[in-house]
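In order, the protein sequences belong to chains A and B. Under this note's numbering, think of the first position of the first sequence as 8, with each following residue one higher. Under this note's numbering, think of the first position of the second sequence as 8, with each following residue one higher.
A couple of the hints might just be wrong.
Each pair may be met inside one copy or between any two copies, as identical chains are not told apart.
Dumping the calculated SDA-like pairs for lysine to any residue here, alpha-carbon to alpha-carbon at most 20 Å [unchecked claim]:
1. K117 to D48
2. K150 to A170
3. K165 to N50
4. K165 to D48
5. K204 to R171
6. K126 to G73
7. K150 to I128
8. K204 to L186
9. K151 to G116
10. K32 to E143
11. K82 to S71
These are computed hints drawn from the structure, not numbers from a lab.
Protein chains: 2
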Amino acid sequence: MSNDEKFHVQRHADREVHDQLDIEKLLDSQYVAHVGFIDPDINAPFVIPMGFARDGNRILIHGSTGSRMMMVIAKGLDLCVTVTQLNAIVVARSAFNSSMNYESVMIFGKARVLNESEKDIALERITTKLVPGLWEYGRQMTKKESAATLIVELTLDKVSAKARTGEPSDDEEDVSLPLWAGILPLTTSVGAPITAKNAQGIPVPPHIG
Amino acid sequence: MSNDEKFHVQRHADREVHDQLDIEKLLDSQYVAHVGFIDPDINAPFVIPMGFARDGNRILIHGSTGSRMMMVIAKGLDLCVTVTQLNAIVVARSAFNSSMNYESVMIFGKARVLNESEKDIALERITTKLVPGLWEYGRQMTKKESAATLIVELTLDKVSAKARTGEPSDDEEDVSLPLWAGILPLTTSVGAPITAKNAQGIPVPPHIG
């Protein structure tokens, strides 16, 4: 990854992602968001990895009502939520021009706490993002569990997206050097399900694979 | 990932990682850090994905001297740099107990800008982290390129690490239900190198594989 982009990508206008579908696709493909806020107790930045799910024009983040971090986020502080996918190591003829291919979305705004009547659909969305089919297959969520869960939403109204794609960008005079250049693709894959010790003998359901 | 940890992991004391070696191993295995700071112009949090390299008791982050973000970071503001590896989706009998296995390190502190005499070793470390062997194989870095690169270090003196590992944690009364539980391991792998269009015919060097 080049570390020289500005907000709104003034340095690399070619790295801005304009397509709303690309943004939604990236958010749907990733499980972890890095949620940044200013910790009011110490007036310092804090970045925590959290699970999230996109639902239409919002993302949903959840945690325990007993979690200090969730309480802070629920206060409606300014957030910057960043989701990144690394796609390749980009090897140029020089260290200086080597880079990474990636896609990244930054979402800015204040979280809004969902009320009780809004929770059920949100919990379904969050569950289905993590494990498609589990909402229908699993033991139903209890009222107590729902009450113990704090869910916030952040709309996708203020979003900045960036990406680097494609070939290495070598200096013209470097291309004729007898040096290799190219990319090393990175892929994340889901392995075969591993049944829990206390679930031996239960067949793996079709939604798990 | 459960979203209910506090700083210093009061809620899940079992999720704290104490081993310095584990922290170094995680940092060395990951390419991207999420760097959080308070943007002084708008007094709001900002989280950007950046490449980084660990070198002993510090991490190194670099960018262009013309990058506004790097200039802000170089000012010595408080930073929170978070590095996360997602290892598995944890499927419990209930949505409520489903989770993710992950490891995460948060590094707190202020960045220090390296002076010219400190840059060479840092550039070697950053390059070797991204592409082992490229520092020796590639076209040498020029004085101009080095001068155009701003490098900061952040020591690993104030670090918080967390992890979730292992099996699903179902409620006792759920274990007897005829429902599957287990984990779906996630693996990131490096694919075969793809030679750049303008490097066809150049053999892939041994350090690339």
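To see whether the hints hold, each was checked on the structure:
1. Taking the shortest alpha-carbon separations for K117 and D48, both the intra-copy value of 18 Å and the inter-copy value of 18 Å come in at or below 20 Å.
2. For the homomeric pair K150 and A170, neither the shortest alpha-carbon distance inside one copy (42 Å) nor that between copies (29 Å) is at most 20 Å.
3. Taking identical chains as interchangeable, the C-alpha atoms of K165 and N50 lie at most 20 Å apart only when they sit on different chains, with a minimum of 16 Å there against 23 Å within one chain.
4. Proximity of K165 to D48 under the C-alpha cut-off of 20 Å is restricted to the inter-copy arrangement: shortest distance 17 Å between copies versus 26 Å within a copy.
5. Taking identical chains as interchangeable, the C-alpha atoms of K204 and R171 lie at most 20 Å apart only when they sit on different chains, with a minimum of 17 Å there against 43 Å within one chain.
6. In the homo-oligomer, the alpha carbons of K126 and G73 lie at most 20 Å apart inside one protomer (17 Å), although the nearest pairing across protomers, at 46 Å, exceeds that limit.
7. Proximity of K150 and I128 under a CA criterion of 20 Å is satisfied intra-copy only: 14 Å inside one chain copy versus 58 Å between copies.
8. When the C-alpha separation of K204 and L186 is checked against a cutoff of 20 Å, the pair qualifies only between copies, where the shortest distance is 13 Å, while the shortest distance within a copy is 51 Å.
9. With identical chains, the CA atoms of K151 and G116 are never at most 20 Å apart, being 30 Å at best within one copy and 40 Å at best between copies.
10. In this homomeric assembly, K32 and E143 never come within 20 Å of each other (Cα to Cα): the closest approach is 24 Å inside a single copy and 39 Å across copies.
11. In this assembly of identical chains, K82 and S71 lie within 20 Å of each other by CA distance solely inside one copy; the values are 14 Å within and 36 Å between copies.
Taken one by one, the earlier hints fail for this structure at numbers 2, 9, 10, listed in ascending order.
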